[in-house]
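Chemist: Listed below, chain by chain, are the residues.
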Amino acid sequence: MITLKLDGQEVQARKGQTILEVAMENGIRIPTLCYLEGLSPKGTCRLCLVEVTNWNGKLVPACVTPVEEGLEVITRSERLDQIRRTILEMLFLERNHICSFCVSNGHCELQDLAVELGMDHVTFPYRYPGLDMDLSHEGFGLDHNRCVVCSRCIRACSEVEGAFTWGFQGRGVGTMVAIDLGVPWGLSETCTSCGKCVQACPTGALFEKGVATAAQLKSPEIIREVTERRPRVF
Amino acid sequence: MKAFAEKKVLLSNVGAIDPERIEDYLDRGGYEGLRAALKRSPAEVVGEIKESRLRGRGGAGFPTGLKWELVLKSRAKTRYVVCNADEGEPGTFKDRVLMEGDPHRLIEGMTICGYAVGAKRGFIYVRGEYALSIRRLERAISQARQRGLLGRKILGSDFSFDLEVRAGAGAYVCGEETALLESLEGKRGWPRIRPPFPVDYGFRGKPTVVNNVETLANVPEIMCRGAAWYRTLGTGDSPGTKLYPLSGALNRPRLVEAEMGVPLRTLIYDFGGGLPGGRELKGVLVGGAAGAFLAPEELDVPMDFKSLWEIGAGLGSGAVLVFDETACVIDVLWSVLSFFAHEACGQCTPCRVGTVILLSLLEKVQNGSGDPAVLEKMLKVTHLMKVASLCPLGQSVRLPVETALEKFRREFESHLKEGPCPQCKATTEVHA
Chain A
657 MITLKLDGQE
667 VQARKGQTIL
677 EVAMENGIRI
687 PTLCYLEGLS
697 PKGTCRLCLV
707 EVTNWNGKLV
717 PACVTPVEEG
727 LEVITRSERL
737 DQIRRTILEM
747 LFLERNHICS
757 FCVSNGHCEL
767 QDLAVELGMD
777 HVTFPYRYPG
787 LDMDLSHEGF
797 GLDHNRCVVC
807 SRCIRACSEV
817 EGAFTWGFQG
827 RGVGTMVAID
837 LGVPWGLSET
847 CTSCGKCVQA
857 CPTGALFEKG
867 VATAAQLKSP
877 EIIREVTERR
887 PRVF
Chain B
50 MKAFAEKKVL
60 LSNVGAIDPE
70 RIEDYLDRGG
80 YEGLRAALKR
90 SPAEVVGEIK
100 ESRLRGRGGA
110 GFPTGLKWEL
120 VLKSRAKTRY
130 VVCNADEGEP
140 GTFKDRVLME
150 GDPHRLIEGM
160 TICGYAVGAK
170 RGFIYVRGEY
180 ALSIRRLERA
190 ISQARQRGLL
200 GRKILGSDFS
210 FDLEVRAGAG
220 AYVCGEETAL
230 LESLEGKRGW
240 PRIRPPFPVD
250 YGFRGKPTVV
260 NNVETLANVP
270 EIMCRGAAWY
280 RTLGTGDSPG
290 TKLYPLSGAL
300 NRPRLVEAEM
310 GVPLRTLIYD
320 FGGGLPGGRE
330 LKGVLVGGAA
340 GAFLAPEELD
350 VPMDFKSLWE
360 IGAGLGSGAV
370 LVFDETACVI
380 DVLWSVLSFF
390 AHEACGQCTP
400 CRVGTVILLS
410 LLEKVQNGSG
420 DPAVLEKMLK
430 VTHLMKVASL
440 CPLGQSVRLP
450 VETALEKFRR
460 EFESHLKEGP
470 CPQCKATTEV
480 HA
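Taken in sequence, the protein lines are chains A and B. First residue of the first sequence: 657, per our numbering; consecutive thereafter. First residue of the second sequence: 50, per our numbering; consecutive thereafter.
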């Protein structure tokens with residue numbers, strides 16, 4: 657067993673656990689976005705950054721940082737909240753997150769995080785890119801304007817469904833999720849239409865066709881449930 | 050004060066030999082370092098490099114001997130040596146000169162490294178645009194194989210080692226060692242979360258030494274002439290010579306080699322021939338795009354890791370970009386920031402979005418928006434990128450932005466009030 661401190665509270669952990677896992681076990685909430693239980697953690701959205709006091713106050717992503725004996729971690733502070741708010745601002749200004757017109761309004765992880773962290777306006781210039789939608793699949797739709805580049809769809813597809821339909825193309829701010837080698841979703845030869853990507857997506861970027869504004873309910877927890885019921889193969 | 054002259058150690062063969070003929074290299078004592086290394090135990094070779102206090106020339110200045118030791122002591126049987134030859138830092142052309150002009154030096158250095166750390170295979174990851182480097186390295190590798198300097202049982206010893214050249218596909222971020230490894234594995238060149246570091250979890254998850262071309266080029270010399278000799282060069286903290294690519298407003302922009310610690314002034318006015326047409330120096334960008342702007346009052350700084358660190362800059366690749374009075378700092382910073390926005394990999398939020406926010410804020414400065422809060426916002430973004438980005442690309446963007454703002458604040462303020470200056474016309478035309 658490993659003993660460490662989370663926000664001053666002494667907690668026990670097993671070797672190999674991440675800071676985030678230990679925090680969840682102890683009822684400490686750390687904001688996350690690209691993390692989804694059941695998928696490999698990536699540490700890329702940077703919302704789960706926590707401060708390690710005995711590493712000179714270094715910020716580390718809780719979802720991928722393994723616990724160590726004697727670690728002293730701060731998960732919530734004014735400094736961290738400010739950093740998380742700025743990261744949220746970045747996500748909101750990067751594409752077009754206009755909640756009132758979104759299928760996920762009221763059921764969106766990005767929106768919930770903004771409420772939780774008190775991010776009520778964006779202080780930097782909006783980009784307003786004109787991005788495409790892909791409505792070629794008979795059951796699902798993709799709206800790049802709502803995508804936060806979290807890669808949850810990609811990981812759900814490759815790690816859980818094993819179809820490897822989703823991937824990334826482009827780079828930098830032009831990074832876009834892509835189907836196969838960039839074909840319209842409806843023409844994909846690998847997609848099994850299982851819908852796990854849609855359930856894993858934290859925003860309205862992936863949705864079921866036919867739902868009205870604010871009507872898209874998702875169950876991202878199915879990813880965990882599916883993976884818990886079968887042995888991990890890697 | 051110590052007088053500095055050019056000192057050719059790494060460049061001693063460049064221009065003097067035919068890089069396509071191994072005989073030329075052998076005639077000048079080539080592969081003697083490898084012979085010397087093979088007579089000693091791997092631990093002794095690592096010890097010699099440690100004693101030389103050679104530091105990595107890729108920018109971070111990590112002690113090379115320590116890196117090798119970590120791999121040597123690893124419990125994993127399979128280990129790799131990877132040469133980072135993805136030279137993409139703007140204003141930097143030192144590795145290219147070494148690879149084009151003296152490819153066997155790099156091959157010898159890598160082979161010694163392979164022997165020291167117990168690796169059987171090595172890769173040279175060369176920037177794809179460096180077609181001549183790739184061709185010359187490949188030719189040199191096949192010559193070395195023919196002479197028993199690479200391959201099975203090198204020089205009759207029990208040590209076997211072989212090298213492969215791999216070409217990058219044009220991403221600056223692949224110069225970051227973990228992105229390079231991902232790319233080498235055939236994946237998207239996105240940096241990995243560190244730790245684990247490549248010495249523990251490198252190519253295909255095995256312990257891997259990743260060293261820069263210039264770092265490895267030092268190795269044969271140290272094996273031949275010893276660590277004690279090596280330490281007589283340069284400074285106590287940063288021994289040896291350093292390659293300094295000089296460019297910009299200079300009479301003789303070129304690559305020079307000098308002992309670590311040579312003052313920036315000597316590089317510019319002696320080796321670089323000063324500024325053309327009697328123009329006045331306005332600033333210097335030291336270390337590449339991910340480097341710091343220095344003001345004319347700072348020209349006496351010794352160009353080594355520690356001295357530059359102490360004034361809030363960094364040695365980086367050693368690149369020196371000189372700007373004269375006709376250059377607009379906003380214009381220069383705009384081109385630095387558009388470079389980063391173009392080269393950000395897109396993986397983590399702070400860098401992916403931060404780079405484009407910085408660019409749009411700088412455009413507000415340039416267009417004379419009049420809002421002084423813009424400058425504070427830029428600093429807020431660079432601070433966030435420093436503490437929250439996933440890899441050194443995002444973390445280092447603060448350096449050019451913060452030093453430009455600190456040292457040329459008045460220029461930023463006058464742009465804010467009055468809009469584009471005559472000198473930044475070139476830039477505004479590009480993005481109008």
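What the hints contain is simulated information worked out from the structure, not anything from laboratory work. Just so you know, even glycine gets a beta-carbon here, dropped at the ideal spot from N, CA and C. There could be a bad hint or two in this list.
Unchecked claim - Computed list of lysine-lysine pairs in DSSO-like fashion (alpha-carbon distance at most 30 Å, straight line): (1) A:K714 / B:K355; (2) B:K413 / B:K355; (3) B:K122 / A:K714; (4) B:K126 / A:K714; (5) A:K671 / B:K202; (6) B:K429 / A:K714; (7) A:K714 / B:K466; (8) A:K671 / B:K355; (9) B:K435 / B:K413.
To be verified - For the chain B half of the interface with chain A, some residues (derived, Cβ under 8 Å), not all of them: (10) W358; (11) G395; (12) R401; (13) L433.
Chemist: Run the structure past the numbered hints and jot down the numbers of the failing ones, going up.
Modeler: Checked against the structure, the hints that fail are numbers 2, 4, 5, 7, 8 and 10, while the rest are satisfied.
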